[in-house]
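Novice: The residues making up each chain are set out below.
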Amino acid sequence: QKEVEQDPGPLSVPEGAIVSLNCTYSNSAFQYFMWYRQYSRKGPELLMYTYSSGNKEDGRFTAQVDKSSKYISLFIRDSQPSDSATYLCAMKKTSYDKVIFGPGTSLSVIP
Amino acid sequence: DSGVTQTPKHLITATGQRVTLRCSPRSGDLSVYWYQQSLDQGLQFLIQYYNGEERAKGNILERFSAQQFPDLHSELNLSSLELGDSALYFCASSPSGTAPHEQYFGPGTRLTVT
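Each protein sequence line maps, in turn, to chains A and B. Here the first sequence stands for residues 1 to 111, where the numbers follow the working numbering. Here the second sequence stands for residues 1 to 114, where the numbers follow the working numbering.
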């Protein structure tokens, strides 16, 4: 079993839809949770960062962490074609630890 | 643009050869990370340097080595290349090397081993 699991998709939604992206993990020691967006042939860029459990909102993006279920989510409201990319969840146990990335979910937002 | 630069963008070489990938971190960033991204393995952490010193090691093969120079740029050396080494190689930098959310990725080097 991989430490971090993510449905690879592809996920295809119409413009304006609410998108839900999810990751599950096996190690309860993870405390730092990130979501990265990666456009084709580009490097990942950080979208959201959350420490421990709870929700965080930034514009159209909301990140949720449920440590009891070892489950994290990223919600995208009013999705746009420019949101079409691969979304990688990532997590870390301590600030000094390495980052573990999920395999990524490919999202297409259709105009 | 993250401010992290990587050269070359593309590299095509033969099995058994050796290549060097170069990374220049963002101005002021002391920490550099190297990652390998392939279709079957996803984004895998290879190694981290902080101010010239190795800080953390991930799934880096013995055929691979890296270093960070006094001017903070870093090089990843890949030797005795195999077909399975074909992948995207990313460099990331951060100011301190510990803030979990502070990793800025470069555009990557696409390595093709034939």
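Careful, some of the hints might be misleading.
Here are the simulated lysine-lysine pairs, DSS-like style, with alpha carbons at most 27 Å apart [stated by the list, open to error]:
id	chain 1	residue 1	chain 2	residue 2
1	A	K92	A	K56
2	A	K70	B	K9
3	B	K57	A	K2
4	A	K93	B	K9
FYI, nobody ran anything at the bench for these hints, they're computed from the structure.
Novice: Look at each hint and say if it fits the structure.
Specialist: Hint check:
Between K92/A and K56/A the CA atoms are separated by roughly 17 Å; this keeps the pair inside 27 Å, and the hint holds. With a C-alpha separation of about 37 Å, the suggested pair K70/A and K9/B falls outside the 27 Å cut-off, and the hint is violated. Annotation: proposed proximity of K57/B to K2/A holds, straight-line Cα distance about 19 Å (limit 27 Å). For the suggested pair K93/A and K9/B, the alpha carbons sit about 32 Å apart, so the restraint of at most 27 Å is broken.
When each numbered hint is compared with the structure, violations occur for hints 2, 4.
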